[in-house]
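Each chain is listed here by its residues.
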Amino acid sequence: MKGGEHAAYAALLEVSAEDLYENAPCGYLSTLMDGRIVKVNETLLSWLGRTRDELVGRRRFADLLTVGGRIYHETHFAPLLRMQGEISGIALELKAADGTRLPVLVTSTVKTGDDGEPLLVRSTIFDASDRRAYEIELLRARMEAEEARAAAERAREAAEQAREAAQYEHEHLQGVLATLQRSLLPPSLPDVPGLEAVAYYHTASPDNLGGDFYDLYPLGDGRWGFFLGDVSGKGPGAAAVTSLARYTLRAAALHDPAPAALLSTLNTAMYAGRSGEEGRYCTIITGVLTPTGDGFTVTLASGGHPPPLLLYADGRAGYLPTTGGTLIGLLAEAPSTTVETRLRPGDTLLLYTDGLIEARTDDSPETPDDAPDDAPDDDGRYGEHALRIFAAHLAPATPGGVIAAMAALLDDLGEGLDDDTALLALGVPRAPIA
Amino acid sequence: MNVRSRNNVQVIGRKGGPVVMLAHGFGCDQNLWRLVVPVLAEESEVVLFDYVGSGRSDLSAWREERYAVLDGYAEDVLDICRELDLRDVVFVGHSVSAMVGVMCAAREPARFAKLVLLVPSPCYIDHLDYRGGFSAEDIDELLDSLEANYLGWSATMAPLIMGNPDRPELAEELINSFCRTDPNIARVFARTTFLTDSRADLATVRVPTLILECAEDAIAPREVGAYVHHAIPGSRLITLAATGHCPQLSAPEATAAAIAAFVRESPS
Chain A
1 MKGGEHAAYA
11 ALLEVSAEDL
21 YENAPCGYLS
31 TLMDGRIVKV
41 NETLLSWLGR
51 TRDELVGRRR
61 FADLLTVGGR
71 IYHETHFAPL
81 LRMQGEISGI
91 ALELKAADGT
101 RLPVLVTSTV
111 KTGDDGEPLL
121 VRSTIFDASD
131 RRAYEIELLR
141 ARMEAEEARA
151 AAERAREAAE
161 QAREAAQYEH
171 EHLQGVLATL
181 QRSLLPPSLP
191 DVPGLEAVAY
201 YHTASPDNLG
211 GDFYDLYPLG
221 DGRWGFFLGD
231 VSGKGPGAAA
241 VTSLARYTLR
251 AAALHDPAPA
261 ALLSTLNTAM
271 YAGRSGEEGR
281 YCTIITGVLT
291 PTGDGFTVTL
301 ASGGHPPPLL
311 LYADGRAGYL
321 PTTGGTLIGL
331 LAEAPSTTVE
341 TRLRPGDTLL
351 LYTDGLIEAR
361 TDDSPETPDD
371 APDDAPDDDG
381 RYGEHALRIF
391 AAHLAPATPG
401 GVIAAMAALL
411 DDLGEGLDDD
421 TALLALGVPR
431 APIA
Chain B
1001 MNVRSRNNVQ
1011 VIGRKGGPVV
1021 MLAHGFGCDQ
1031 NLWRLVVPVL
1041 AEESEVVLFD
1051 YVGSGRSDLS
1061 AWREERYAVL
1071 DGYAEDVLDI
1081 CRELDLRDVV
1091 FVGHSVSAMV
1101 GVMCAAREPA
1111 RFAKLVLLVP
1121 SPCYIDHLDY
1131 RGGFSAEDID
1141 ELLDSLEANY
1151 LGWSATMAPL
1161 IMGNPDRPEL
1171 AEELINSFCR
1181 TDPNIARVFA
1191 RTTFLTDSRA
1201 DLATVRVPTL
1211 ILECAEDAIA
1221 PREVGAYVHH
1231 AIPGSRLITL
1241 AATGHCPQLS
1251 APEATAAAIA
1261 AFVRESPS
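Chains as they are written, first to last, in the working numbering: chain A, 1 to 434; chain B, 1001 to 1268.
Hints listed in this document are in silico derivations from the structure and should not be mistaken for laboratory results.
Honestly, I wouldn't trust all of these hints.
Here chain B is said to cover these stretches of chain A; the calculated rule only asks that three of the stretch's residues, wherever they fall, bring their Cβ under 8 Å from a Cβ of chain B [to be verified]:
no., region
1, 33–46
2, 62–72
3, 76–87
So these bits of chain B aren't anywhere near chain A, every CB distance computed over 10 Å [as the list claims (entries may be wrong)]:
no., residue
4, Gly1017
5, Arg1034
6, Glu1043
7, Ser1060
8, Leu1084
9, Leu1086
10, Glu1141
11, Arg1199
12, Arg1222
13, Gly1244
14, Ala1254
15, Arg1264
Ideal Cβ placement from N, Cα and C applies to all residues, glycine included.
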């Protein structure tokens, strides 16, 4: 460095301590321990728009603060300063003469005398307008985030409450539906001498009433009547028609239990009871059991219903041909044909509704080579073919055994079952019941 | 619930002496009494504590419902009195705690022999015919100041402090720890302190009462001291030659002497 430059720097730096104090880039303030201002620099005076005479000996530091800031000063700042001898970086607002507010950061130290007694408080005051604006922005963002979080929490709680209420309503409704469904079926099947009868009802969805129904009842002369059917559609409308069908059949059977006559009566009642577009119809099999020798003679008539399966005592299984019947309730006349078969010891007759054969399944059983006459339904449904094969594997079987196997099958089909399924199995025990 | 640790209760001084209970106000904690305790402890058994939410209390015991009303703070005091089986206490309440003491004495008179109300104010907000000194907007400003200064508080330290009230060394190094408060707790205490109107409670006081005010106090001005004095029949008012709202720090000798003399007096 050349001598000339050195001299120039020295001259530049040769500012008086007084000048450094007065025109420092921060405010300086000295107060007595009670807060009275005894010294203040030009920088702070210019920020406040005050003269030295207005402040020195006349005002306290707290007088420069906003009212809220003054409370903070008295409850936090002053006690901490007293106890610690220093406090730094406290955010406060100064009030200027023109009423504007100046955000500042204040750092104070207590100057003690030789005896350790506190004498003065010295404070440096930094302009914190920009920092404060940024902090306020941060605080605002934090509060917004907090509010958003609280709002989300409230929404979650409301949703949870709504879900619980809906759950309760749902369970309540399911309870009502289950009660109604049970009312469409006999609470239990009667004891028929020489016959084992087992029924099963599989509900596809607890939210929907199915239209399947069945019954087994005495005709009073040693004979027994039975039926199993399926009303089209689901829900309360289907349930009402189901109820109509069941009670119509039971009442009509008192008059003429012949299967074909029952179907005709039911068709007339349902056709007459049609309302508007709700053209409900049903498929049904009705029958009469007449004790014959060591078994029963079964007289059957079908109204468009899938054919019943007969599982023979010798292990064969096959569908009873019940073609010829038409859907019940759709047309003014519903002609049907009557077929007759024998149930001998070890034979089991299975009636079912189409929920089973309509079940969706990805792996329909392969067609065995020995059954070319009965091609599988290749539409992803369980189908009559699969059911016959299943029954053939079961036979010979008691009604209880058949129903148990079918119930397990229904469980396996699970989600694939769109519709309810009713099963009624009637069989003659091999040995007389002791 | 262990009240002693919950409220960081400290008992020092002369065993068997008159019991003097020192209750801090809004802002800091029992450390505010540090300069007067040595004098009082000479003749009295001094009970110090922190309200739940302040100082080294157990912050996990803090419930907004409880501490959003002054009754919650009074319950803290009564819990301590029951736990230590204190009777004939001389209760010294600073600032808002003065009114807490008034409430406690009305609830369980047998436990309180005398009240010292240190710079009390039964109501900080101005009303029609009453000058408390502040408006509701001023209190909002105070809340802003609290927001801007999380003294000694940081999100990283909070779990340590809150989860370990029995391990104060975790927070030992923190500066400003005497006034350290969870911002949420501070906000609730501030609102309860400055927005409660307890003027009606003053009429319930039945015990000898000493009111200590400062010559200049921005928080509890002298006209409020006069109001309290007038509202409590038989009370005595002493104006300390002190400035500010914490005479126990700014004029500890005079404050301690006034309290000690009042404690010493035999009931008239």
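Against the structure, the hints:
no.: 1; hint: 33–46; verdict: holds (count 3)
no.: 2; hint: 62–72; verdict: holds (count 8)
no.: 3; hint: 76–87; verdict: holds (count 8)
no.: 4; hint: Gly1017; verdict: 26 Å, holds
no.: 5; hint: Arg1034; verdict: 7 Å, violated
no.: 6; hint: Glu1043; verdict: 25 Å, holds
no.: 7; hint: Ser1060; verdict: 21 Å, holds
no.: 8; hint: Leu1084; verdict: 26 Å, holds
no.: 9; hint: Leu1086; verdict: 27 Å, holds
no.: 10; hint: Glu1141; verdict: 2 Å, violated
no.: 11; hint: Arg1199; verdict: 19 Å, holds
no.: 12; hint: Arg1222; verdict: 15 Å, holds
no.: 13; hint: Gly1244; verdict: 6 Å, violated
no.: 14; hint: Ala1254; verdict: 14 Å, holds
no.: 15; hint: Arg1264; verdict: 27 Å, holds
When each numbered hint is compared with the structure, violations occur for hints 5, 10, 13.
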